[in-house]
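There are 2 protein chains.
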Amino acid sequence: MSNENISRRGLMLVLSSPSGAGKTTLSRRLLESDRNISLSVSATTRAMRPGEVHGKDYHFLKMEEFEAWLGEGKFLEHAMVFGNRYGTPSHLVTDELGAGRDVLFDIDWQGTQQLKEKMRDDLVSIFILPPSHDELERRLKTRAQDSDEIVAGRMAKAADEISHWPEYDYVVVNTDVEKALADIQAILNAERLRRSRQTGISEFVGRLI
Amino acid sequence: MSNENISRRGLMLVLSSPSGAGKTTLSRRLLESDRNISLSVSATTRAMRPGEVHGKDYHFLKMEEFEAWLGEGKFLEHAMVFGNRYGTPSHLVTDELGAGRDVLFDIDWQGTQQLKEKMRDDLVSIFILPPSHDELERRLKTRAQDSDEIVAGRMAKAADEISHWPEYDYVVVNTDVEKALADIQAILNAERLRRSRQTGISEFVGRLI
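Protein chains in written order, with numbering that gives the first Met the number 0: chain A, 0 to 208; chain B, 0 to 208.
Note that these hints are calculated values from the structure, not bench results. Beta carbons are placed, not taken as given, at the ideal position from N, Cα and C, and that holds for glycine. Hints may be right or wrong, so weigh each one.
Said to hold, decoys possible - Covered, in the sense of this in silico footprint (three residues per stretch, anywhere, with C-beta under 8 Å from a C-beta of chain A), are these stretches of chain B:
id : stretch
1  : 2–9
2  : 105–112
3  : 152–166
Unchecked claim - Here's a subset of chain B near chain A, in silico, CB distances under 10 Å, partners left out:
id : residue
4  : Ser18
5  : Thr23
6  : Leu135
7  : Tyr169
8  : Val172
9  : Val176
10 : Ala181
11 : Asp182
12 : Arg193
13 : Gln197
14 : Leu207
15 : Ile208
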């Protein structure tokens, strides 16, 4: 859906949402449907789990390595979760963008803020909302035995994440997965056609006139 | 392709191109394919032609009326062509936008500049390029008896219009009409999902959490 004779810079597509909004399914479906976008591979200090592949699931780093990279400013965003470090190495992303390939980020509002500070022009951010209060509650009640307190706690966490929608470029309501996927695909395809990303237009126009 | 439960402000979609790039066909096809966008109806002082309908083809105004409106700042853009005045009355456009309907403008770079000055946030501009020099020349040679000078004159005019591509938000190359139409539809649908146009999100989120 880009202009095939014009070279372009890739873009960074961020999908954020509260849990229960269907983001994981939408990310997977988008990656399956479009060969020019791939999921950003994070670096982490947590132990590799059975079946995981270095460089595919994560870049597994020792804590000293991670902190050395951090000191050298090699991360676009990073976070500490349960004592493990996670981060997005910038050189992996900029290599993809320079080659005209798009990179998908499935991150929360805090990660999005960090990316925005460093890569404003390359970033396209979409916030996904659930269709209704009742549907959100239903999706957060994952097991029959979940107590009201547990579900209320998840709702409060979802409400906190949702409060960050004004920081995003686009908002998509996931009432129907097929429609929400089509919406995200339309945004991705449109952003590929943005004049500012099509680095080869001058050259193309030079041959035209 | 917008979020059906969230009210939104309409947008102004501008298509510009040199003649020979297929803009007229693309505009017609877009209007046929999407019920929520309609062509902007201009005002003019030229005489009504047989078959034309006031308020549909044009708003036909007397020169005194047009100039009175002009004095009152009632036009978003205006131009004089062969002694006749043409212009886009702002109230007609703002009524549509306020009702959540989109308006299509088939105008040149000068009209686009004028709209941009007054309606920056509502404007989405697309520049359509022909696929190649040879194809552009072929399309501009409309009749077999067109002299080389006539075609060269048209090419020079096209080159002048094309030089304004850097002033547009998006650039679409019309190699194939179906693909170019899909590109324009993707841009329109994506721009409808822009957070800033979805005026009802706050209210929607209020019911959600």
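Hint by hint, here is what the structure shows:
Coverage of a stretch by a chain is defined here by at least three residues with a beta carbon nearer than 8 Å to that chain's beta carbons; for the stretch 2–9 of chain B and chain A the count is 4, and the condition holds. For the stretch 105–112 of chain B, the stated coverage by chain A is violated: 0 residues have a C-beta nearer than 8 Å to a C-beta of that chain, whereas at least 3 were required. Residues of the stretch 152–166 of chain B lying with their CB closer than 8 Å to a CB of chain A number 7, which satisfies the three-residue condition for coverage. Taking 10 Å as the C-beta contact cut-off toward chain A, the hint placing Ser18/B at the interface is violated, the least distance being around 14 Å.
Hint status for Thr23/B relative to chain A: violated, with the closest Cβ pair at about 19 Å, above 10 Å. Interface hint at Leu135/B: satisfied, since its Cβ lies 7 Å from the closest Cβ of chain A, which is below the 10 Å cut-off. With its C-beta approaching chain A no nearer than about 5 Å, Tyr169/B sits inside the 10 Å limit, and its interface hint holds. Given the 10 Å rule on beta carbons, the hint for Val172/B holds: about 4 Å separates it from the nearest Cβ of chain A.
Violation of the interface hint for Val176/B is found here, the shortest Cβ-Cβ separation to chain A being roughly 14 Å, above the 10 Å cut-off. Hint status for Ala181/B: holds, given a least beta-carbon distance of 7 Å to chain A, under 10 Å. Below 10 Å, beta-carbon pairs count as interface contacts, and Asp182/B has one with chain A at about 6 Å; its hint therefore holds. Interface restraint check for Arg193/B: the shortest CB-CB distance to chain A comes to about 6 Å, inside 10 Å, so the restraint holds.
With a cut of 10 Å, the hint placing Gln197/B at the interface with chain A holds, because the nearest CB-to-CB distance is about 6 Å. The restraint placing Leu207/B at the interface with chain A holds, with a minimum CB-CB distance near 5 Å, inside the 10 Å limit. Interface hint status for Ile208/B: upheld, as the beta-carbon distance to the closest one in chain A is roughly 4 Å, under 10 Å.
Of the hints listed earlier, those the structure fails to meet are numbers 2, 4, 5 and 9, in rising order.
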